[in-house]
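Visitor: Listed here are the chains, written in short residue letters.
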Amino acid sequence: MKKFMFVNRKAPYGTVYALESLEVVLITATFDQDVSLLFMDDGVFEIVKGQQTKDIGMKNFSPSYRALEGYDVEKLYVDAESLAQRGLTEKDLLVPVEVLNSQQMAELMQQQDVVLSF
Amino acid sequence: MLHIVNKSPYQSTTLASCLRLLQPGHSLLLIEDAVYAADGAGSQQAVLQQAASRAKVYALKPDVDARGLSQRVMENVTLIDYSGFVNLVAETSTSHSWL
Numbered sequence: 001m002k003k004f005m006f007v008n009r010k011a012p013y014g015t016v017y018a019l020e021s022l023e024v025v026l027i028t029a030t031f032d033q034d035v036s037l038l039f040m041d042d043g044v045f046e047i048v049k050g051q052q053t054k055d056i057g058m059k060n061f062s063p064s065y066r067a068l069e070g071y072d073v074e075k076l077y078v079d080a081e082s083l084a085q086r087g088l089t090e091k092d093l094l095v096p097v098e099v100l101n102s103q104q105m106a107e108l109m110q111q112q113d114v115v116l117s118f
Numbered sequence: 001m002l003h004i005v006n007k008s009p010y011q012s013t014t015l016a017s018c019l020r021l022l023q024p025g026h027s028l029l030l031i032e033d034a035v036y037a038a039d040g041a042g043s044q045q046a047v048l049q050q051a052a053s054r055a056k057v058y059a060l061k062p063d064v065d066a067r068g069l070s071q072r073v074m075e076n077v078t079l080i081d082y083s084g085f086v087n088l089v090a091e092t093s094t095s096h097s098w099l
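As they're listed, the protein sequences go chains E and A. Position 108 (the first sequence) corresponds to 108 in my numbering; numbering is contiguous. Position 63 (the second sequence) corresponds to 63 in my numbering; numbering is contiguous.
Same shape as in the complex, but just chain A:
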């Protein structure tokens, strides 16, 4: 199962709701404003750290770069590009875009 989140964790409860359903073995992909959750210095850091301990966490690099986060992303978040995004969706039987 792949969960895709695109809302800022500071302005929406989308990521929090998604994380309640994130099971071991699932993948989480942060895109657009959701990449702010991957900032190692932000207050969401502990929440995401916990998610990363049970699931694989990815962030879309073009969105990370656009928001000036390139040097701030947590270590256990894997950065992927657009083709990595496509591969991830293709490899996973079910994807859920949390809008």
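Excised from the complex, chain E in its bound form:
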């Protein structure tokens, strides 16, 4: 088993990165790997509550983050600085996360076998 970290840094609907990342996360989890997700920069917007995409004709994939638990993907980390800059708190997020500072993120990243950036 290898340790995979997915670094999510893009907002959900303006580009396809967020959705693609989620797909690869689920595939990786299917192969019983140790998966962590890190949300930083605009990536924190991926897990903000209250997304309603009906009028832009795109699928609201935010509920899928809640399903990650079912695939034993439970290591969700969020950059404290990115949250603060966007006026967000843990309460605004739709999944339980661990909020980390830069030093903690750096340590976690260094422990991985594979780091993939989206």
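Source of the hints: derived by calculation from the structure; they are not laboratory data. Be a bit skeptical, because a hint or two may be false.
Within a straight-line C-alpha distance of at most 30 Å, the following computed DSBU-like cross-link-like pairs (lysine-lysine) qualify [said to hold, decoys possible]: (1) K56/A with K54/E; (2) K54/E with K2/E; (3) K49/E with K56/A.
Quick look at which bits of chain A chain E covers, simulated, 3 or more residues with Cβ under 8 Å [unchecked claim]: (4) 12-23; (5) 26-37; (6) 56-68; (7) 90-99.
In this text, a Cβ means the ideal position worked out from N, Cα and C, and glycines have one as well.
Following the hints, position chain A against chain E.
Guide: Then chain A, alone, in the frame of chain E:
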């Protein structure tokens, strides 16, 4: 003059560049990821507030809703729908989509 911006203010300098050229009487329309700039709690709030003091600022509601911002948009930003978008472009002699 209508300025249309579609990039997140946190990840691109597009909005900042646009605002340097935003003159009194101009209009600014935020669409796609640029709607994050209209969040009243975000760190871009002061920048946009200043823009709203000299120009009319709009945000596309479907994009606001998609991003969970419905309850967070600043008061002096006017929400418009797709037909409002069309009217705005039709009413304005020059539009610039800042890509």
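Visitor: Evaluate each hint against the coordinates.
Guide: Hints and how they fare:
1. This hinted pair checks out: K56/A and K54/E have alpha carbons roughly 27 Å apart, not beyond 30 Å.
2. Between the alpha carbons of K54/E and K2/E the distance comes to roughly 38 Å, so the proposed pair goes past 30 Å and is violated.
3. Using a Cα cut-off of 30 Å, the hinted pair K49/E and K56/A holds, with the two alpha carbons roughly 29 Å apart.
4. Coverage of the stretch 12-23 of chain A by chain E is violated [criterion: at least 3 residues with CB-CB distance below 8 Å; count 0].
5. Requiring three or more residues with a Cβ within less than 8 Å of a Cβ of chain E, the coverage given for the stretch 26-37 of chain A holds, as 3 such residues are present.
6. Residues of the stretch 56-68 of chain A with a Cβ under 8 Å from some Cβ of chain E number 7, which satisfies the need for three, so the listed coverage holds.
7. Requiring three or more residues with a Cβ within less than 8 Å of a Cβ of chain E, the coverage given for the stretch 90-99 of chain A is violated, as only 0 such residues are present.
The structure fails hints 2, 4, 7 (numbered hints given earlier, in ascending order).
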